[in-house]
Amino acid sequence: MQRNVLQVVFLGVVLSLTAQAGTISGKVTGVPGASVVYVEAIPGKTFPVPAQRPVMGQMRLMFQPHILPVQQGSTVEFLNSDSVAHNVFWVSIGGNKKLGHNLGTWPQNEKRAFKFDTIGAVPLLCNVHPDMTGYIVVVPTPYFALTSESGEYRIENIPDGSYSLTAWHEGIKSQSKHLDVAGDAKADFTLSR
Amino acid sequence: MLSSALPADVFVMKIVTTIGALLFSAALVFGQDTVRHAAITAVAGESWLHHLHRPFDETSMGKTWRLGPPDLTTDRDALSTRSDSTTTRSGTHVRTLHGSDLYRMNCQGCHGESGLGAPPEIGSLIDPVRATSVVLVEQRMKKVGMELSRRQTAEMVNQSRGALLKRLHEGGQDMPSFHHLSEAEIRSLVAYLKQLAGVPGAEKEQIAIQESDARIGELIVKSTCHICHDATGINPTPAELLEGAIPPLSVLPMRVNQAQLVQKVTSGAPVIMGTTSSVYRGRMPVFSYLTENEAADVYEYLTHYPPTELASFNRAPQLSRPDPIDPSTDSSQTRAAAPRPAPQTASAQVLISRDQAESVVLPVGMGLFVTALLVLGCWITLREFRRLSIESLARAASRRPGVDPALWVKLPATVELLKGSPSADAGSMEEIVVLKILKEGK
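First to last, the sequence lines map onto chains L and G. Just so you know, we're using the numbering used here here: the first sequence kicks off at 1 and counts up by one. Just so you know, we're using the numbering used here here: the second sequence kicks off at 194 and counts up by one.
If you are wondering where the hints come from, they were derived from the structure by calculation, not from laboratory data. The beta-carbon is built from N, C-alpha and C at its ideal position, and this holds for glycine as well. Some hints could be false.
[Unchecked claim] Per the computed footprint, the stretches of chain G lying under chain L, defined by three or more beta-carbons under 8 Å from a beta-carbon of chain L, are:
# : region
1 : 238 to 247
2 : 313 to 324
3 : 348 to 357
4 : 487 to 495
[What the hints assert, rightly or not] No more than 20 Å apart at the CA atoms, straight line, and that leaves these computed lysine to aspartate or glutamate pairs for EDC-like:
#  : chain 1 : residue 1 : chain 2 : residue 2
5  : G       : Lys359    : L       : Glu110
6  : L       : Lys98     : G       : Asp250
7  : G       : Lys336    : L       : Asp131
8  : L       : Lys98     : G       : Glu331
9  : L       : Lys98     : L       : Glu110
10 : L       : Lys97     : G       : Glu436
Please build the complete structure, drawing on both the sequences and the hints.
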């Protein structure tokens, strides 16, 4: 999460040399727990694949963090910190069942890596421990944020422009809205089951 | 035809058969030892809780509160009948154990009767076992909406199976290794784990095995007692007991006799603790799920195979039976001077070398035997080919006009004669002779 923020900050600094940059902030309500808010693909604009490898850990029989938003093209490392073996598999990416994959089963202190090129939510499961669930949310731009448990978020260093902003929450249909950013902007979402 | 060559073959065959038979019987003798498995060894080293640096009172084992009676008003009659029944046990009894028995002896102490453990300290074994079932994995995948091919499911199941067996053999951060279990015991145990975890059809796959009393004692001690009790150490005083000392296994015969141990393990017994020698319920949980016979096996095992300090080669000789302890003396008041000296140090070397011999001789011998068979097979085949070709040549020769049919009958003798000459190439000898015959016959 922190890394992602840093990444956003870095990109923002680079972009701020050419354009005015602002901040989108707001709150996602109506659902308990954290959500992901991100800027949808911007026509005519591509972003370099981040060199950093975000880590999705397995710790105390849980996926840590529970939700990990990553930019499209990121390679995620799955690190097992438990003394028992864990398996990681997902049924689909963005609802596409053809992209289901079994990453394997591995012991403590070992990790596996996977490059996520397709946009969408990846529901993570463990064959050994059925109670374990986690999500990787692959987003198209570097402008994204994981909300706090109470739903607040802040996407910083976003250049002025017109965007489509989406809020994702596990098990719920995502919600998008149009947003014009000139300096600071605010966008709240109310999701419901 | 050409039968004079056969006696040599028969001789070779005899030798090979003898060697083979010898090796086979050797394999059987050594093999039986390993099949009957796992020569019984003494328990050694610090307890698992010591290894984890975890105080007993902070463990789920220390919090069971399934303790013994609070005072000395235990049923003395029951105790005496108990002692009668247990002292008449024969030493080399063999009993049939089911996977459920192996589970009680090795796993239940920590994972409980249900296998759910005591999270977060002790994990549940149910889910990791369910993950090894093709049927259950398929069911779950269907439920979460994942389409897996048979091959992918099998791969997933195999990975889980591998992880489970690795866990059993090697243990983990919080779980000790169970490398003292034999393959047969693991098979029987895993079959029961599947039944416990509700794997469909597992009830039909239960495997029973035969175990000696001593082995039963060994399993219970190594898998259950040794979690909390060190193998060796000093017999604690009542004051030290009150402060939390756990008596090491080596001082057990100084503290209790067999009947008392059976009582303590299966239904609990009060202990004298503290400087005022008051009577307490003690802190050891009651292992009501162990039978009196099994508790007696523990005592027999600990007296026949005295615990040792180090977890190295420590096969205790069966002969070193410790002196019987007089149960009438109040052993809890006497303090053991030192850990019981390992009586087997002198013979340890011999036992190690025998151990190594078993593990080296068997594969090497089998390897040699197989190689010998292969070489012999090739040799006989080549020889046979050559003989057949000569025979056909000789037949051809005999059909030629003017050749004396008696000539080729003498062939083998001629060959033997020629072989004697140093310049002759033994390989093509027969052919030369036949050609010679053919020439001469013209």
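Comparing the hints with the structure gives:
1. 238 to 247: violated (count 0)
2. 313 to 324: Contact hint for the region 313 to 324 of chain G vs chain L: holds, 6 residues under 8 Å.
3. 348 to 357: holds (count 6)
4. 487 to 495: Our answer is that it is violated, as 0 residues pass the Cβ test (under 8 Å) against chain L, missing three.
5. G/Lys359 <-> L/Glu110: Judged against 20 Å, a Cα distance of about 15 Å means the pair holds.
6. L/Lys98 <-> G/Asp250: Violated, at about 52 Å.
7. G/Lys336 <-> L/Asp131: holds, 14 Å
8. L/Lys98 <-> G/Glu331: Given that 20 Å is the threshold and the Cα spacing comes to 17 Å, the pair holds.
9. L/Lys98 <-> L/Glu110: violated, 27 Å
10. L/Lys97 <-> G/Glu436: Judged against 20 Å, a Cα distance of about 61 Å means the pair is violated.
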